[in-house]
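Protein chains: 2
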Amino acid sequence: MTLSIAHLGPPGTYAEQAAVFYVNWLKQTTGIEATLCPYPSIAQSLQAVAQGQTQLAVVPVENSIEGSVTMTMDTLWVLDTLRIQLALVLPITHTLISCATSLDSIQTVYSHPQALAQCQAWLERFIPTVQLIPSNSTTEALQLLKQDITSAAIASMRAAELYNLPTLATGINDHPENCTRFWVISQGQTDNSYHISSPSRTHTSLAFSLPANLPGALVKSLQIFAQLDINLSRIESRPTKRSLGEYLFFMDLEADADTAKMQSALAELSTYTEILKIFGSYNILPIAI
Amino acid sequence: MTLSIAHLGPPGTYAEQAAVFYVNWLKQTTGIEATLCPYPSIAQSLQAVAQGQTQLAVVPVENSIEGSVTMTMDTLWVLDTLRIQLALVLPITHTLISCATSLDSIQTVYSHPQALAQCQAWLERFIPTVQLIPSNSTTEALQLLKQDITSAAIASMRAAELYNLPTLATGINDHPENCTRFWVISQGQTDNSYHISSPSRTHTSLAFSLPANLPGALVKSLQIFAQLDINLSRIESRPTKRSLGEYLFFMDLEADADTAKMQSALAELSTYTEILKIFGSYNILPIAI
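From first to last, the protein sequence lines are chains A and B.
Residue numbers for the first sequence, in the numbering used here: 412 to 700.
Residue numbers for the second sequence, in the numbering used here: 412 to 700.
Hints listed in this document are in silico derivations from the structure and should not be mistaken for laboratory results.
As the structure is a computational prediction, the values presented were derived from the model and not from experiment.
To give an idea of the chain B side of the interface with chain A (calculated C-beta under 10 Å), a few residues:
#1 Ser475
#2 Gly478
#3 Thr481
#4 Arg592
#5 Leu629
#6 Leu633
#7 Ala637
Taking CB as the label site, the calculated pair distances span:
#8 Ile560/A / Ala699/B: 47 to 53 Å
#9 Glu572/B / Ala678/A: 55 to 61 Å
#10 Ile641/B / Gln638/A: 18 to 24 Å
All C-beta atoms in this analysis are idealised placements derived from N, C-alpha and C, irrespective of residue type, glycine included.
Here chain A stands alone, though its shape is the one from the complex:
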């Protein structure tokens, strides 16, 4: 069996880097081979799995500096059949890639808005007058750099190597403790032999909407887990897209959904929620670089 894995492209993005790590890990631990399929957006990576074009997708969930990747959360809520199999944590080291001979000659810097935001202070300190141009991924603008030596892009060191481009500075992210969490996503129904089948999975992710006329429902939902000593490691709100002030809540809980305690908590939770979606239980695998 050869698996196919969707990720945000073109090649060289941090999503691809996480996916490459996962492919190697999968080969070593299970012998399963996998190939990578770049897609132009995170939503399209997830749709590829939902429509059966690929078996898996590796998508960013959250960055330690810029926060949630809302595209991933919103798409996961809409595409009902997807399940989280594993989380990967990738340390992020941004590199300034350019054919310019010095920082002085750079006039424009391209990158994904999250990467531009993560290097804001460095850019203001060293090249304050450049124009910052957002792109759909960190690697989208790399093709341009050879034609235009006044341009630079922020991407990974691996991207510079892949595209055979020179670098001017590395580690330019403002916070050294920069990392991004990715999820490995499959369809709920498929054979799950390619995820860690450890007896205890450490995290469960879910999302829910609340009835509009139930005051205090969010507090009650949180209390269920607090009373059972289930730690909430993340809570995030997203608009329902119906009207301003109506939210969905996304939670990561430190427990396996299959345990008796969590089953009881989830049953109680469902009495307060309008729609409750459980995205799966999984372990977290740190990526060593």
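Chain A is already provided as a structure; the job is to place chain B on it using the hints.
What follows is chain B alone, placed relative to chain A:
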């Protein structure tokens, strides 16, 4: 006295539209005149107020479809001296602006990533093959359109009129109930004669971090307000930027911070929090178009 008001530019952005409404409202209700100062980013609009370059800024906080404007929240947390004076709610109607004679000849569409995301389904239905190019604001790319008739931009109808550009379609946002909430921000210390000095302000916004070793602290914080029947209209988490999994919590509460009930709630809250910042109490003014 003539006030100056910072906003995201170039002119024609939705932030400017909200600011223009506020200028007119201010003139009618108080007689105070104000002028507008466009800035290239939301962060720079807020820094302009913090550094005394302008008295006020009008910045987007939250869109009903795309959610929080994280740049506003992160900058407000860092710039300690700023206070919210008023909230404005602007209905959003996106318009496709282009010198092309038909949709068929459009090859690229420019706009702010939030606007592109809000028109995703329309774009996929009517011009599925176009390249979407993110820009720093909805109006940044409008200058290009006259030179390149294969390009289009998504901005407001008002922007099309300001730049004297033709429109190909209007109301192209996927959700008709699309609106954005803005905050009018001043320095805490300045004369506050230019906000609604109603005796009862309906909302208070605040943010806090929690000590790492205090489990259940978030639930306790929410309980304080629930027990006092103070409605929580929004909760949002943002990374502390220290390490993955550490958050700041931003809350909007439906009460005036000066009331005895809120004073007592805030005093109790401060016993659980590490850092607590109160951004101010204010009323909400809907913008009729």
